[in-house]
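As you go down the protein sequences, you meet chains A and Y in turn. Just so you know, the UniProt record's numbering puts 59 at position 59 of the first sequence, and the rest follows in order with no gaps. Just so you know, the UniProt record's numbering puts 7 at position 7 of the second sequence, and the rest follows in order with no gaps.
Hints may be right or wrong, so weigh each one.
Since the list can't tell identical chains apart, any single copy or any two copies may satisfy a pair.
To be verified - Lysine-lysine pairs mimicking DSSO-like chemistry, simulated, CA-CA at most 30 Å apart:
1. Lys80 x Lys63
2. Lys63 x Lys86
3. Lys20 x Lys89
4. Lys63 x Lys77
5. Lys80 x Lys20
6. Lys77 x Lys11
7. Lys86 x Lys20
None of these hints come from the bench; they were simulated from the model. What you are looking at is a predicted structure, and each value in this text was computed from that prediction instead of being measured.
Protein chains: 2
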Amino acid sequence: MVRVNSMFNVKDEADAQQVKQMARQLIEQSRLEEGNLSYDLFQGSTPTCLLFCETWLDNDAFKAHVASQHYTTIMPKIQKLIVGNKDLKIFEYE
Amino acid sequence: MVRVNSMFNVKDEADAQQVKQMARQLIEQSRLEEGNLSYDLFQGSTPTCLLFCETWLDNDAFKAHVASQHYTTIMPKIQKLIVGNKDLKIFEYE
Chain A
1 MVRVNSMFNV KDEADAQQVK QMARQLIEQS RLEEGNLSYD LFQGSTPTCL LFCETWLDND
61 AFKAHVASQH YTTIMPKIQK LIVGNKDLKI FEYE
Chain Y
1 MVRVNSMFNV KDEADAQQVK QMARQLIEQS RLEEGNLSYD LFQGSTPTCL LFCETWLDND
61 AFKAHVASQH YTTIMPKIQK LIVGNKDLKI FEYE
């Protein structure tokens with residue numbers, strides 16, 4: 001199985017709200033993908049800190065996700081609101 | 001390094017708010033611990049889904065955390081509001 005943690009910051013709470021809005025459709029469609037076990041966007045106690053936490057059956061499922069139409073359409077729009085670096089961690093486990 | 005994902009659900013948004021309230025002190029004190037690199041409580045787009053996402057320098061730092069006074073005092077109170085099982089994942093990485 002694959003657990004993805006993609007943690008990032010945005011400029012302010014208004015941008016955080018906008019990312020959460022844009023992410024709704026991405027969450028909905030990602031959860032329908034074959035091999036998805038969990039997928040959500042989380043907001044930290046620091047409201048400008050956001051985290052995609054995802055669980056995939058295997059690497060193939062995760063690769064199909066990042067090539068999917070909804071990901072390649074929506075994520076670039078979210079990317080524009082990210083400030084600083086993304087802390088992306090991908091863990092494989094049994 | 002050690003990344004912890006502790007994901008759980010609570011009964012309703014009022015309980016989610018209560019957990020976030022209780023977690024404030026736990027977050028503050030955990031971030032001061034030696035070997036802590038990040039520590040926050042995140043709330044999902046499903047507001048009753050909460051996630052502690054933590055990063056520790058090594059296993060010793062993480063073990064010291066779960067034995068700490070603030071953890072052993074606060075976490076049992078949070079535990080009472082958790083419904084169903086906790087999805088706890090602990091990843092070691094370089």
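Hints versus structure:
no. : hint          : verdict
1   : Lys80 x Lys63 : within (22 Å within a copy, 38 Å between copies)
2   : Lys63 x Lys86 : both (18 Å within a copy, 27 Å between copies)
3   : Lys20 x Lys89 : both (20 Å within a copy, 25 Å between copies)
4   : Lys63 x Lys77 : within (20 Å within a copy, 40 Å between copies)
5   : Lys80 x Lys20 : both (14 Å within a copy, 29 Å between copies)
6   : Lys77 x Lys11 : within (15 Å within a copy, 33 Å between copies)
7   : Lys86 x Lys20 : both (16 Å within a copy, 24 Å between copies)
Of the hints listed earlier, there is not a single one the structure fails to meet.
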